[in-house]
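**Student:** Just need the whole structure built from these sequences, with the hints factored in.
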Amino acid sequence: MKRSILFIVSLLLLTSFQTGVEMPPVQDPAFEEGEWFKFRIHYGIFNASYAELHVKNARLKGEKVYHIKGTGKSTGLLDLFFEVDDRYETYIDREEVKPYRFIRKINEGGHTKDIQIDFDHESGTALYHDKKHKKKSTLEIKPQSQDMMSAFYFLRNAVDVKTLAVGDEFVLPMFFDEENYDFKLKFLGREVVDTKFGDVAALKFRPYVQSGRVFKEEESLTVWISDDDNKIPLKIQAKLAVGSLTADLDAFKGLKHSFRIIPD
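Throughout the sequence shown, residue numbering follows mature numbering (1 follows the signal peptide of the UniProt record, and there is no 0), covering -21 to -1, 1 to 243 in sequence.
None of these hints come from the bench; they were simulated from the model.
Each residue gets a CB set at the ideal place from its N, CA and C atoms; glycine is no exception.
Be a bit skeptical, because a hint or two may be false.
With a straight-line cut-off of 20 Å between C-alpha atoms, the simulated SDA-like cross-links for lysine to any residue are [said to hold, decoys possible]:
1) K111 <-> I82
2) K113 <-> G103
3) K77 <-> T104
4) K48 <-> H108
5) K77 <-> D156
6) K110 <-> H90
7) K84 <-> H46
8) K48 <-> P8
9) K163 <-> K175
10) K115 <-> I85
11) K114 <-> L167
12) K114 <-> Q95
13) K232 <-> W15
14) K183 <-> F166
15) K43 <-> D99
16) K183 <-> R239
17) K183 <-> D156
18) K84 <-> G103
19) K214 <-> I240
20) K175 <-> N209
21) K77 <-> D161
22) K175 <-> F238
23) K113 <-> K77
24) K214 <-> F231
25) K165 <-> Y187
26) K92 <-> T50
27) K165 <-> D207
28) K52 <-> F231
29) K48 <-> R80
30) K115 <-> N159
31) K214 <-> D178
32) K35 <-> D156
The calculated label-pair distances, taken between Cβ atoms and stated as ranges, are [unchecked claim]:
33) F60 <-> A230: 25 to 35 Å
34) E170 <-> D109: 36 to 46 Å
35) K163 <-> Q95: 19 to 29 Å
36) T142 <-> Q95: 32 to 42 Å
37) A180 <-> S102: 19 to 29 Å
38) E75 <-> K35: 10 to 20 Å
39) D7 <-> G41: 40 to 50 Å
**Tutor:** If you want it as structure tokens, here you go:
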């Protein structure tokens, strides 16, 4: 299995929809302090990993922010052959939900990274700090750029799911690993997803990913998001160059809005 597949793919479901148009802050946010998710990730028939996301209040350089922390760790037999211990963090503005700082500290089968990115949206730059190799560089970023974690939380607030039509496509400007890129996604429609909590109404999306070493083809990833005011990730399926991966919502707490289960 390629490095990063256990946790980065699980977080790809967070980089959902974006119109490319600046969105004003909303009056009723989709999330709040205390929200927590846990995902169970399977590689083929194996229970490969668990990933968690947690939202907390914090301050960064005197500003009130949300501190969102994501962790991923391998389990079972896979842990014996390919240990994964990942930590991702983002500090976002509570009103505009734009990232101020992104942290990526990972150990994946002996491959390690320790990265911190500080965003300066006014100057359109990001300070990229590779702590492992003791290198710093200042790089240009696109307007409204998000990191791989902040994106989902911004869009949960900004996108009105009631206006989505099948075939709608969206583009998200992102900055990751010293690069700017546009993440493209297509809305496929509405479905009912069978979860451990019961049947849940969902929005189905197709992110376009680069085929090659990790993904089998450009349209190898499918994501289901709850069709409610929470807009939480329910499920992800990925066809990989070798095998397949599925991530399911396993537990949650601290939702701002009611989580609706379709009655039998």
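**Student:** Now tell me if each hint is right for this structure.
**Tutor:** Taking the hints in turn, this is what the structure says about them:
Of the pairs offered as hints, the one joining K111 and I82 holds, with about 13 Å between alpha carbons and a cut-off of 20 Å not exceeded. Restraint check for K113 and G103: the C-alpha separation of about 23 Å exceeds 20 Å, so the hint is violated. Taking the CA atoms of K77 and T104, the gap is about 14 Å. The hint holds against a cut of 20 Å. In summary, the hint linking K48 to H108 is supported, as the alpha carbons are separated by about 19 Å, within the 20 Å threshold.
Note on K77 and D156: the hinted pairing holds, with a Cα-Cα distance of about 18 Å set against a maximum of 20 Å. The suggested pairing of K110 with H90 holds, with an alpha-carbon distance near 14 Å, which does not exceed 20 Å. Between K84 and H46, the direct Cα distance comes to roughly 15 Å. Compliance with the 20 Å bound is thereby established for this hinted pair. Between K48 and P8 the CA atoms are separated by roughly 19 Å; this keeps the pair inside 20 Å, and the hint holds.
Our distance criterion of 20 Å between C-alpha atoms is broken by K163 and K175, whose separation comes to about 30 Å. Only pairs whose Cα atoms come within 20 Å are accepted, and K115 paired with I85 is accepted, the gap being roughly 18 Å. For the hint linking K114 to L167, the alpha-carbon distance of about 42 Å lies beyond 20 Å, and the restraint is violated. Proposed proximity of K114 and Q95 is supported: the alpha carbons are some 11 Å apart, at most 20 Å.
Our distance criterion of 20 Å between C-alpha atoms is met by K232 and W15, whose separation comes to about 5 Å. This hinted pair checks out: K183 and F166 have alpha carbons roughly 6 Å apart, not beyond 20 Å. A hinted pair counts as satisfied when its Cα atoms are at most 20 Å apart, and K43 with D99 qualifies at roughly 16 Å. Among the hinted pairs, K183 with R239 is consistent with the structure: their alpha-carbon atoms are about 17 Å apart, no more than 20 Å.
Distance check on the hinted pair: K183 and D156 sit about 28 Å apart at the alpha-carbon level, beyond 20 Å; violated. For the proposed pair K84 and G103, the alpha carbon gap of about 24 Å is over 20 Å, so the pair is violated. This hinted pair checks out: K214 and I240 have alpha carbons roughly 15 Å apart, not beyond 20 Å. The suggested pairing of K175 with N209 holds, with an alpha-carbon distance near 18 Å, which does not exceed 20 Å.
Proximity of K77 to D161 is assessed by CA-CA distance (about 16 Å); at most 20 Å being required, the pair is judged to hold. Our distance criterion of 20 Å between C-alpha atoms is met by K175 and F238, whose separation comes to about 13 Å. About 26 Å separates the Cα atoms of K113 and K77, which puts this hinted pair outside 20 Å; it is violated. A threshold of 20 Å between alpha carbons decides the hint, and for K214 with F231 the separation of about 13 Å falls inside it, so the pair holds.
Proposed proximity of K165 and Y187 is supported: the alpha carbons are some 8 Å apart, at most 20 Å. Between K92 and T50 the CA atoms are separated by roughly 14 Å; this keeps the pair inside 20 Å, and the hint holds. A threshold of 20 Å between alpha carbons decides the hint, and for K165 with D207 the separation of about 19 Å falls inside it, so the pair holds. Proximity of K52 to F231 is assessed by CA-CA distance (about 18 Å); at most 20 Å being required, the pair is judged to hold.
Distance check on the hinted pair: K48 and R80 sit about 12 Å apart at the alpha-carbon level, within 20 Å; holds. With a C-alpha separation of about 17 Å, the suggested pair K115 and N159 falls inside the 20 Å cut-off, and the hint holds. As the CA atoms of K214 and D178 are separated by approximately 12 Å, the hinted pair is consistent with the 20 Å bound. Distance hint between K35 and D156 is unfulfilled; the C-alpha atoms sit about 25 Å from each other, more than 20 Å.
Taking 25 to 35 Å as the suggested C-beta distance range, the pair F60 and A230 conforms, at roughly 26 Å. The hinted window of 36 to 46 Å between E170 and D109 holds, with their beta carbons roughly 41 Å apart. Hint check: K163 to Q95, Cβ distance near 27 Å, so the stated range 19 to 29 Å holds. At roughly 37 Å, the beta carbons of T142 and Q95 sit within the given window of 32 to 42 Å.
About 42 Å separates the C-beta atoms of A180 and S102, a value inconsistent with the hinted range of 19 to 29 Å. Judged by the Cβ atoms, the range 10 to 20 Å given for E75 and K35 holds: they are separated by roughly 18 Å. Here the CB-CB span from D7 to G41 is close to 27 Å, at odds with the stated 40 to 50 Å.
Of the numbered hints stated above, those contradicted by the structure are hints 2, 9, 11, 17, 18, 23, 32, 37 and 39, listed in ascending order.
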